[in-house]
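Trainee: For this one, chain A is given, so just place chain B on it according to the hints.
Same order as they appear, the protein sequences are chains A and B. Those letters in the first sequence? Residues 17 to 128, by our numbering. Those letters in the second sequence? Residues 47 to 159, by our numbering.
Think of the hints as simulated: they come from the structure by calculation, not from any bench. Hints are not guaranteed to be accurate.
Claimed, not checked - Among chain A residues calculated to face chain B with C-beta under 7 Å, some are:
hint	residue
1	85
2	89
3	114
4	116
5	122
C-beta: ideal position from N, C-alpha, C; glycine also.
Here's the letter readout for the chains.
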Amino acid sequence: DAMVIQNPRYQVTQFGKPVTLSCSQTLNHNVMYWYQQKSSQAPKLLFHYYDKDFNNEADTPDNFQSRRPNTSFCFLDIRSPGLGDAAMYLCATSRDQGQPQHFGDGTRLSIL
Amino acid sequence: QKEVEQDPGPLSVPEGAIVSLNCTYSNSAFQYFMWYRQYSRKGPELLMYTYSSGNKEDGRFTAQVDKSSKYISLFIRDSQPSDSATYLCAMSDSGGSNYKLTFGKGTLLTVNP
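Chain A extracted, bound-state conformation:
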């Protein structure tokens, strides 16, 4: 089945140690999104790629970066994770902007 796959499902890192989360999709969608979801909260959009064009949300901290080397893959880099960055990170895709978004199962990030 076509889907959005996130790896790893669980990630533990140390305070201040860079970490990379990955997302791949077999849907061949143009748009890929990264969300942060904390416990009992709504997902919060960090940024998205429309094809190769990167779009950052105004309130996304500089600590968060992203790369999209090709259509299928997108990465979330957290340069210096703080305790407040512990959350579920969700990747989503859509065929085009304004189209339904399809989510992966997320990576749960813990900070020691």
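Mentor: Showing chain B alone in chain A's frame:
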């Protein structure tokens, strides 16, 4: 006032009950309305996607949008224990920020056998 308000519950019903989940919103520019189901430790799964006002039915699920009242609903008929999850409403406009979903905080539903 938050852009999207959703009662967090928790909501507990017996198996077979009709469930009604609701969201209100303040931004009249919203045109696309979605319901997602999220199981514990999983990503949101798209259940329903509607444009503008009206009803949409898919199996046991019915989505209703009333733009005049800025109110959307999801009805689940013959609820099953497997429907136990958090239900998130989401919406977006049709303009330049149509990529951006604004979510409610979610309603936690438990269907008891």
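Trainee: Please go over all the hints and tell whether each is borne out by the structure.
Mentor: Results for each hint:
The interface hint given for residue 85/A is broken, as the beta carbon of that residue sits about 21 Å from the closest beta carbon of chain B, more than 7 Å. Here the hint on residue 89/A is broken, as its CB sits about 17 Å from the closest CB of chain B, past 7 Å. Restraint check, residue 114/A versus chain B: the minimum CB separation of about 4 Å is within 7 Å; hint holds. With a cut of 7 Å, the hint placing residue 116/A at the interface with chain B holds, because the nearest CB-to-CB distance is about 5 Å.
Here the hint on residue 122/A is kept, as its CB sits about 5 Å from the closest CB of chain B, short of 7 Å.
Of the numbered hints listed earlier, those contradicted by the structure are 1, 2.
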